[in-house]
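Q: Quick mapping for you: the protein sequence lines, in order, are chains A and B. Converting from the first sequence to our numbering requires adding 14 to each position, the first position being numbered 1. Converting from the second sequence to our numbering requires adding 14 to each position, the first position being numbered 1.
What the hints contain is simulated information worked out from the structure, not anything from laboratory work. Keep in mind that the hints are not guaranteed to be accurate.
Here are the computed distance ranges between Cβ atoms for each label pair [to be verified]:
id	chain 1	residue 1	chain 2	residue 2	range
1	A	332	B	333	34 to 42 Å
2	A	42	B	370	55 to 63 Å
3	B	275	A	198	21 to 29 Å
4	A	183	B	370	34 to 42 Å
C-beta atoms are modelled at their ideal positions from N, C-alpha and C, and glycine is treated no differently.
Listed below are the residues making up each chain.
Number of protein chains: 2
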Amino acid sequence: MRQFVFYNPTQIVFGEGKTSDIGRYLKGQKCLFLYGSTSIKQNGIYDKVIDSLKNHDVTFVEKSGVKPNPVLSFVHEAIDLARKEQVDCILAVGGGSVIDTAKAVAAGFYYRGDVWDFFVDKARITKALPIYVVLTLSATASEMNSGAVITNEATKQKFNIRSEGLFPKTSILDPTNTYTVPKKQAANGSVDAIVHLLEGYFTGKYPNTPIQDGFVETLVRTVIATTKKILENPTDYDARANFMWSATLAFNGLTTAGVGDYGFPNHMMGHSLSALYNVDHGASLSIVFPAWLKHNEPTLSDRLTRFGKEVFGKTGAKEAIAAMEEYFHAIGAPVRLSEVNIDKGEIKKIAENAVSLAKKWGLKNYTEDVIAKILEFAA
Amino acid sequence: MRQFVFYNPTQIVFGEGKTSDIGRYLKGQKCLFLYGSTSIKQNGIYDKVIDSLKNHDVTFVEKSGVKPNPVLSFVHEAIDLARKEQVDCILAVGGGSVIDTAKAVAAGFYYRGDVWDFFVDKARITKALPIYVVLTLSATASEMNSGAVITNEATKQKFNIRSEGLFPKTSILDPTNTYTVPKKQAANGSVDAIVHLLEGYFTGKYPNTPIQDGFVETLVRTVIATTKKILENPTDYDARANFMWSATLAFNGLTTAGVGDYGFPNHMMGHSLSALYNVDHGASLSIVFPAWLKHNEPTLSDRLTRFGKEVFGKTGAKEAIAAMEEYFHAIGAPVRLSEVNIDKGEIKKIAENAVSLAKKWGLKNYTEDVIAKILEFAA
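Okay, chain A solo, but in the shape it has when bound:
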């Protein structure tokens, strides 16, 4: 195993009905209450949160309107509001987009310059507001990690930040809050969790990692089995619960601790699809990941064979890739650029955009040419 530092101080409060406890953790504070659309008003989560805040003497100011692939302009607005209202903390009620927005606001609150400086490594985050979460969509694991991804609309860059201060203090994971997640978003979340797990699994440089391998295979198997159940029966509690905890563990640092240097080449390429064409994050990954596997099949043959056997009960590397693609297809996730109306002629443009993130993330082998070659497999 390679050397690593593992640190994750987020408290997870898991279970049906826990949403009504959120006020207890914020007691006596004034918070910026961030959320996305009106859906949390329709499904009752909004009322539960508000009641709990009031019951625990939490004061708050609301800001709604966070969109998928959350944008920098919204972060700026929210920072202004947080400062004007002098809040003590941020409460994010939503999925990855809302939590990531909360993290960017938390980091920007104390910083005199433009918060985007953190994303382009012009400045380091030294202080952040405390963040609390009520999760309503399982996918990104932002509820239990220290990272956030924001899109700068002006520069068409979808970039990330990471800092110890951005771990949420407490995240409430109430599986019933995900009962009303639409099938398309459930599928996106499933893809996201799987690709989070498999970026480390397939790019980790250290060979002897039985713990991490077993954990990843367990979680991928669980995500696949539970996604199918969720799409059939959206109120299957056990399926929602097992999916929720799997998605959180998929990207909280556990499965990559010790695997040595690893990269996020699929996220790198996927982010460009989102930045340029506003493709859903999950959909961007279901398109890119099978293409990446096909491109790398010759060097990943042994690993793919093991993966295919452990996760799909298949024999052979090519069969493992086919099974992965087939699964994405079966849950309604796109696996070709054409399925999200991106013409093959755009590949050069996508590669040009992606290469800037490849540089930022130290993915040295990913030149424009290599990225274009990979994307050809998704054409």
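Following the hints, complete the assembly by docking chain B onto the known chain A.
A: Same frame as chain A, but now just chain B:
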């Protein structure tokens, strides 16, 4: 999955050479430096720690002599010393016994009464000194949990405490620090890690827990495979590393989060063997656990069958138990009371002692009669 709270803020710093970084985490503090025997002076760990402390301007007062099955009288002495020297924190260099002692001292430091009050639920821990760890023996996972077990020599009780403040701040896991662990202790650690994993696996009340099951099976497989390698080649880095991380993850809260009510019946009985006859903790468990499985085989048949298949590649519940016992035997761990010179005639006395812990831990079905019946399988 059942509701749960997961919280584990210990920072793990893992890898060869990390021992020399310990001073960095204690910078500017005065610590009580606790350890066991002179073995850390022989294998060079002592010098590395001292050098690192000096390099980072850490002042310290030493106290050595922690014994396996650590005792209350030593805890009392160490609390007196810590108060007299007005230390800011505790540095534990050792295995579970040293870390558990550090936790008891950390908790007792601020308490006016006898620290044993915490163990018999007469008082609650509200404040504790910060704890730092350099691990030299993998077994108990005390380096990444909030519990500690101490034996009261006067009352012959081996009891435990648990409190959020007792999570170590930082634990250094340097696999090379375990190269000189004797075979008997390596075997004890292997048994301890396995039984930690399997208490939850076999007693958890909730049926649909694919994540936890997969994690436990992965870790048990890894512990078994690496123990065999370690006994053959004590300086096999990868084996030591994978064993070390497995043992930590075996009891840091991860594998039991969500499994519902579960118990520690084997630890309950094992603690009595240690309290009454000073049997090593690992050895007490390798004797008790197969007996407990045999007693419970009728009700655990399905679970045992799955376990046998996933971990040993065996078919059948009885075959799973046999494989477990065979493994303990193969690594030199005792599986019968007679192997640690305890006569069958002692069973009544052991059961009488164990039942007080059964009561404390809410193991209602474990009357003296039941405990005696289980122990008969180990006669």
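Q: Hint by hint, note whether the structure agrees.
A: Hint check:
1. Between residue 332(A) and residue 333(B) the beta carbon distance is about 37 Å. The supplied range of 34 to 42 Å therefore holds.
2. Under the hint 55 to 63 Å, the C-beta atoms of residue 42(A) and residue 370(B), about 42 Å apart, miss the expected range.
3. The given range of 21 to 29 Å is broken by residue 275(B) and residue 198(A), whose C-beta atoms sit roughly 38 Å from each other.
4. At roughly 39 Å, the beta-carbon separation of residue 183(A) and residue 370(B) lies within the given 34 to 42 Å, and the hint holds.
The structure does not agree with the numbered hints 2, 3 stated previously, though it agrees with the rest.
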